[in-house]
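Produce the complete structure using the sequences and hints provided.
Each chain, letter by letter, is given below.
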Amino acid sequence: MTATLLGSADAPAASVPSTGRARRRGRHRKWVLLFLAPWAAGMVLFFGYPLLATVYFSFTNYDGLNTADFVGLRNYVFMFTSDPLVKAAAYNTLWLVVVLTVGRLAFAMGVAQILTKVRNGSGFLRALCYLPSLAPPVAATLTFVFLFNPGTGPVNTILGWLGINGPLWFNDPNLSKPSLTLLTLWGSGELMIIILAAMLDVPGDLYEAADLDGAGPWMKFRKITLPSIAPVLLYGVVNSIIFALQYFTQAVVAGSVASGSADAVGNSKLIGYPDNSTLTFPVWMYNEGFRSYHMGYASAMAVLLFIVSFAFTAILIRQLRAGKAEAS
Amino acid sequence: MATLTATAVATRPAPKPKKRHPRDILNWIAVHAVALALGVGFALPIVFVVLTAFMSDQQALTSDLWPRSWHPENFLTVFEKAPMLEYFGNSLLYSILATAGMLLSSIPAAYALARLRFRGSNLIFMLVIAAMMLPPQVVAVPIYSMWANLHLTGTLWPLVVPYFLGDAFSIFLLRQFFVTVPQDYFDAARMDGCNEFQMLYRVLVPMTKPGLAAAGLFTFLYTWNDYFGPLLYVGEKQDSWTLSVALASFRGMHQVQWNLTMAATVLVLVPVIVLFLFAQKSFVKGITFTGVKG
Chain A
648 MTATLLGSAD
658 APAASVPSTG
668 RARRRGRHRK
678 WVLLFLAPWA
688 AGMVLFFGYP
698 LLATVYFSFT
708 NYDGLNTADF
718 VGLRNYVFMF
728 TSDPLVKAAA
738 YNTLWLVVVL
748 TVGRLAFAMG
758 VAQILTKVRN
768 GSGFLRALCY
778 LPSLAPPVAA
788 TLTFVFLFNP
798 GTGPVNTILG
808 WLGINGPLWF
818 NDPNLSKPSL
828 TLLTLWGSGE
838 LMIIILAAML
848 DVPGDLYEAA
858 DLDGAGPWMK
868 FRKITLPSIA
878 PVLLYGVVNS
888 IIFALQYFTQ
898 AVVAGSVASG
908 SADAVGNSKL
918 IGYPDNSTLT
928 FPVWMYNEGF
938 RSYHMGYASA
948 MAVLLFIVSF
958 AFTAILIRQL
968 RAGKAEAS
Chain B
476 MATLTATAVA
486 TRPAPKPKKR
496 HPRDILNWIA
506 VHAVALALGV
516 GFALPIVFVV
526 LTAFMSDQQA
536 LTSDLWPRSW
546 HPENFLTVFE
556 KAPMLEYFGN
566 SLLYSILATA
576 GMLLSSIPAA
586 YALARLRFRG
596 SNLIFMLVIA
606 AMMLPPQVVA
616 VPIYSMWANL
626 HLTGTLWPLV
636 VPYFLGDAFS
646 IFLLRQFFVT
656 VPQDYFDAAR
666 MDGCNEFQML
676 YRVLVPMTKP
686 GLAAAGLFTF
696 LYTWNDYFGP
706 LLYVGEKQDS
716 WTLSVALASF
726 RGMHQVQWNL
736 TMAATVLVLV
746 PVIVLFLFAQ
756 KSFVKGITFT
766 GVKG
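Protein sequence lines correspond, in order, to chains A and B.
For what it's worth, our numbering labels the leading residue of the first sequence as 648, then goes sequentially.
For what it's worth, our numbering labels the leading residue of the second sequence as 476, then goes sequentially.
Think of the hints as simulated: they come from the structure by calculation, not from any bench.
None of the hints are false.
Here are the computed lysine-lysine pairs in the BS3-like style, where the Cα-Cα straight-line distance is at most 30 Å: (1) B:760 x A:764; (2) A:870 x A:764; (3) B:556 x B:712; (4) A:870 x B:760; (5) B:760 x A:867; (6) B:684 x A:677; (7) B:760 x B:684; (8) B:756 x A:764; (9) A:824 x A:734; (10) A:867 x A:764; (11) B:756 x B:684.
Non-contacting residues of chain A with respect to chain B, defined by C-beta distances greater than 10 Å in every case (computed): (12) 718; (13) 721; (14) 724; (15) 750; (16) 810; (17) 867; (18) 921.
We put the beta carbon where it would ideally sit given N, CA and C, even for glycine.
So, in structure tokens, the structure goes:
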């Protein structure tokens, strides 16, 4: 019953009797068209067309108002050779992709493993672990910038009781991304529940058999748990990478609130504060496209973002296909 | 809260209550000590936020953790400092319209993908996955230009209209629920002369209410929490701000002390927590279906 995301794509095939399929297909056609029409319109308007238009704009000089002038590869040349900040932005996003993906997976697996062992009060504990992941990112970010603020924040106050001189956290260029990482781990409850559900689906007799063979906890985790939850982990990895590639809200809000200079739109003049350490690729793209109106250049950045994110989506889709081939 | 245990995430059967070894007891203590620390760690941030929200202006400038005197009027002051009710209304409008639009457009699409066999259905399913995984920033420039040409930037329309034309994540989630309904029900309905539309609304919808609830909740929550969309389209127009945008700029615009900012944060968090308490079953069922079950 518990097929994975990767194996489930073919579920309906088994439930439809193969006799009279052609006849049914013909009868279905008008219904299929009717049911999919809104989706198809949305797909053209908000996926297909804008994707092609982004590629087109990336070869132009476009400010959003006047007609786009074709400039060939100039935006790409500028991006790869001259833009002083795009390197910092790409580095920050790469940092987040690596650290957030590894961190989220490891943390979620660790917490889920503990949750499988808790016997008393587990429902309440699960609710506590899950709830922060529902918090609006803006509210969660404000919470953490307050908790970690160097002057009066509870974290440094408590560290002070222990005789530790707390660091500057969101105000320190070396610690702003690790601070964002803590915020992200606090909100990774969704992944925990997905992994927990997968862990609880592993048949208990596998562990009993391993116990008889004298396997230790690490051996059991590596040989039984890990292979059993692998498909869910793959989904978690791809999901986390895409999440990190589009990391925007938390970086913008943390930077502007910590700098104390948030203007009317929550968009700091000191973008990427401190020292461009929270300037992620999408934040810089947003700034170029919608603050400076260099929309042609922003489109070139969007194309790069698309290529990278689609490479990871393609891994997921390939797995889906493989799952289908196996099922049929 | 105990329902979380009883739903999609069932606990493994407890070991039979035979005599306990001292090692088991130590194990129990170790596991529950770590679990307790985890629970405290997850809850503390919110606790500190709430405590600070009740502090006086003067005390909020200190590093005190506990309010010396309680000031619930802070929550009223937030509404005086900024038109929070208007922002609340905008957020509510965005979320309700988007959820309604999603249900109208995505239920039929998910039904077609889950139950109807037709050429190209696999390709369409792959396209849904690709759209679901697309970072919204990638297509922001042309879509923004499109709405600007229609003179609709500065309104909530650019945020709401796409949901009436199918939402990839919801279609995916609903499809995962729809494929679990046994084929017999549809065969029986067909014998009774139901057409596809009647099967959708008489058989499928009543049978997959938890799935519809989960998809609705996720859309509501996603739009309620959304910051990038509202910042892009209504960031320059303060009358149309949603709570997220207003909260992001609250501290810079209204004061330096943390107490009112934290009170505003609590006000934004409360609806989400209430929603969770009323519908945690649907939430948990929904997320396990996105990643795991089919």
